[in-house]
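Residue strings, one per chain:
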Amino acid sequence: MSFSYIARRAAQKERVRILYRRALKDTLNWAVHRHLFYQDASDLREKFEANRHVEDLDTIDRMIADAEATYNNFRHPDPYIVPWAPGGSKFTRNPTPPAGIEIIYNYGREDND
Amino acid sequence: MALRAAILRHIRVPVQTAALDRSRSQAWSLCNSVRSMSSHDDHLEKEEVTERVLDVVKSFPKVDPSKVTPDVHFQKDLGLDSLDTVEIVMALEEEFKLEIPDLEADKIVSCPLAIEYIANHPMAG
Numbered sequence: 001m002s003f004s005y006i007a008r009r010a011a012q013k014e015r016v017r018i019l020y021r022r023a024l025k026d027t028l029n030w031a032v033h034r035h036l037f038y039q040d041a042s043d044l045r046e047k048f049e050a051n052r053h054v055e056d057l058d059t060i061d062r063m064i065a066d067a068e069a070t071y072n073n074f075r076h077p078d079p080y081i082v083p084w085a086p087g088g089s090k091f092t093r094n095p096t097p098p099a100g101i102e103i104i105y106n107y108g109r110e111d112n113d
Numbered sequence: 001m002a003l004r005a006a007i008l009r010h011i012r013v014p015v016q017t018a019a020l021d022r023s024r025s026q027a028w029s030l031c032n033s034v035r036s037m038s039s040h041d042d043h044l045e046k047e048e049v050t051e052r053v054l055d056v057v058k059s060f061p062k063v064d065p066s067k068v069t070p071d072v073h074f075q076k077d078l079g080l081d082s083l084d085t086v087e088i089v090m091a092l093e094e095e096f097k098l099e100i101p102d103l104e105a106d107k108i109v110s111c112p113l114a115i116e117y118i119a120n121h122p123m124a125g
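For the protein sequence lines, the chains are G and L, in the order given. Sequence positions in the first sequence follow the UniProt record's numbering and run 1 to 113. Sequence positions in the second sequence follow the UniProt record's numbering and run 1 to 125.
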């Protein structure tokens with residue numbers, strides 16, 4: 001139980017948490033309906049739980065790398081992004097002007113026709 | 001190098017400027033209370049955030065609702081594991097329509113941290 005063992009273990013745990021988080025979000029992106037997502041999320045969790053008790057550090061590293069490769073392979077091409085976040089539909093868009101302000105498109109030429 | 005990164009990732013430095021910022025923002029709030037050109041000025045009150053966070057945590061299937069208080073730690077007090085924590089944080093993101101970066105979401109491990117993060121988030125809705 002050296003210090004480097006603990007540090008490496010902590011780094012691995014963090015990698016798994018972030019991988020699980022990304023995979024879970026991606027599952028939601030792929031699921032067309034909410035009730036389909038629940039089953040998919042449960043399957044995803046089972047895949048992680050299956051390797052819960054693996055002890056060997058190198059095996060764990062290899063499995064994480066494999067899982068990350070699988071995740072990258074099956075990423076959603078058009079994921080849901082919260083509107084204001086970078087890449088979202090409202091990102092850097094201007095808010096609507098306040099009520100009472102209107103745009104006059106033919107300003108100065110109202111009487112011409 | 002990996003060791004150094006792992007240690008740095010787990011060290012937290014308390015932010016001292018929060019109280020200072022709050023007093024300043026209150027001074028400004030008189031003229032800033034209505035930002036007519038802003039599309040997201042309905043800031044959440046801390047009580048409302050607390051209530052909604054607790055609702056989300058209580059409705060998590062593996063949690064005993066009677067144990068949930070505003071200062072529980074997900075793993076130490078509620079007996080969840082790290083992947084359950086990830087699921088709760090994702091549920092909180094959906095509840096408040098947030099997009100939390102992965103590394104920040106990874107640090108949210110207890111109710112007080114979640115409440116503080118969401119209450120201070122300008123886009124929480």
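To be clear, the hints were calculated from the coordinates, so they are not data collected in a lab. Treat the hints loosely; a few may be bogus.
Unchecked claim - Which chain G residues face chain L? A few, computed with CB under 10 angstroms, are given here: (1) 6; (2) 13; (3) 49; (4) 86; (5) 105; (6) 109.
Stated by the list, open to error - Dumping the calculated DSS-like pairs for lysine-lysine here, alpha-carbon to alpha-carbon at most 27 angstroms: (7) L/62 with L/46; (8) L/107 with L/67; (9) L/107 with L/58; (10) G/13 with L/46; (11) L/62 with G/90; (12) L/46 with G/47.
Keep in mind that this is a model prediction, so the values were computed, not measured. C-beta atoms are modelled at their ideal positions from N, C-alpha and C, and glycine is treated no differently.
These are the hints, each one checked on the structure:
no.	hint	result
1	6	holds (9 angstroms)
2	13	holds (6 angstroms)
3	49	holds (8 angstroms)
4	86	holds (9 angstroms)
5	105	violated (21 angstroms)
6	109	violated (29 angstroms)
7	L/62 with L/46	holds (26 angstroms)
8	L/107 with L/67	holds (22 angstroms)
9	L/107 with L/58	holds (20 angstroms)
10	G/13 with L/46	violated (32 angstroms)
11	L/62 with G/90	violated (36 angstroms)
12	L/46 with G/47	violated (38 angstroms)
In summary, the structure is inconsistent with hints 5, 6, 10, 11, 12 from the numbered list given earlier, while agreeing with the others.
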